[in-house]
Amino acid sequence: MSKNLTEKQSMFLEALFGPAKGNYVLAKQIAGYAETVATSQVVEPLRDEIALRTRNFISENGPKAVWAMMDIMENPTDLGNKEKMAVAKDFLDRAGFKASDKVEVSSSSPLFILPEKKSKDA
Numbered sequence: 040m041s042k043n044l045t046e047k048q049s050m051f052l053e054a055l056f057g058p059a060k061g062n063y064v065l066a067k068q069i070a071g072y073a074e075t076v077a078t079s080q081v082v083e084p085l086r087d088e089i090a091l092r093t094r095n096f097i098s099e100n101g102p103k104a105v106w107a108m109m110d111i112m113e114n115p116t117d118l119g120n121k122e123k124m125a126v127a128k129d130f131l132d133r134a135g136f137k138a139s140d141k142v143e144v145s146s147s148s149p150l151f152i153l154p155e156k157k158s159k160d161a
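40 is the number of the first residue of the sequence shown in this note's numbering; add one for each residue after it.
Read the hints as simulated data drawn from the structure, not as lab findings.
Take the hints with a grain of salt, since some may be wrong.
[Stated by the list, open to error] Here are the computed distance ranges between Cβ atoms for each label pair: (1) T78 to N43: 18 to 26 Å; (2) N114 to P154: 51 to 59 Å; (3) K103 to V64: 23 to 31 Å.
Glycine included, each C-beta is placed from N, C-alpha and C at the ideal position.
Generate the whole structure from the sequences, applying the supplied hints.
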C-alpha cells in the first residue's frame, strides 16, 4: 500500500481484516508476534495504514448494506427490520452515502415580481 511494510506487519493487517475480525490481539498472535510485544507497538506504526484499509473495507462492504435495505423493501414485515435498516443506514452514512439535506428549487423564469408596497397611511 502506501508504505513499505515488514512481513509481520503485512500478516498482521491481513489477519486484522480477515480471521481476527478487527481484534488487534488476535491479529498480533496470528501474525506471529511474541506475547511480550505490546499491541500498541504493533498498531501505532500502522495507524495510517489501518485507517486506509478501514475506509477500503467500508467501501467494499457497502453493497451489503444496500442489499439489506432492498431485502427490507421486499419483506417489510420481517422481524428485526427496524434494526437492520438502522445499521444499513448508519453504515452507508459512514461510507459517504448520506441522504441529501438540501431541497433544490428551480424555476423556468428566475425573475420574481413582488406586489407594490403600500404605505401605512393609505
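Each hint tested on the structure:
1. The supplied range of 18 to 26 Å is met by T78 and N43, whose beta-carbon atoms lie about 22 Å from each other.
2. For the pair N114 and P154, the beta carbons lie near 54 Å from each other, so the given range of 51 to 59 Å is met.
3. Between K103 and V64 the CB atoms are about 26 Å apart, so this pair conforms to the stated range of 23 to 31 Å.
Checked against the numbered hints listed earlier, the structure breaks none of them; every hint is satisfied.
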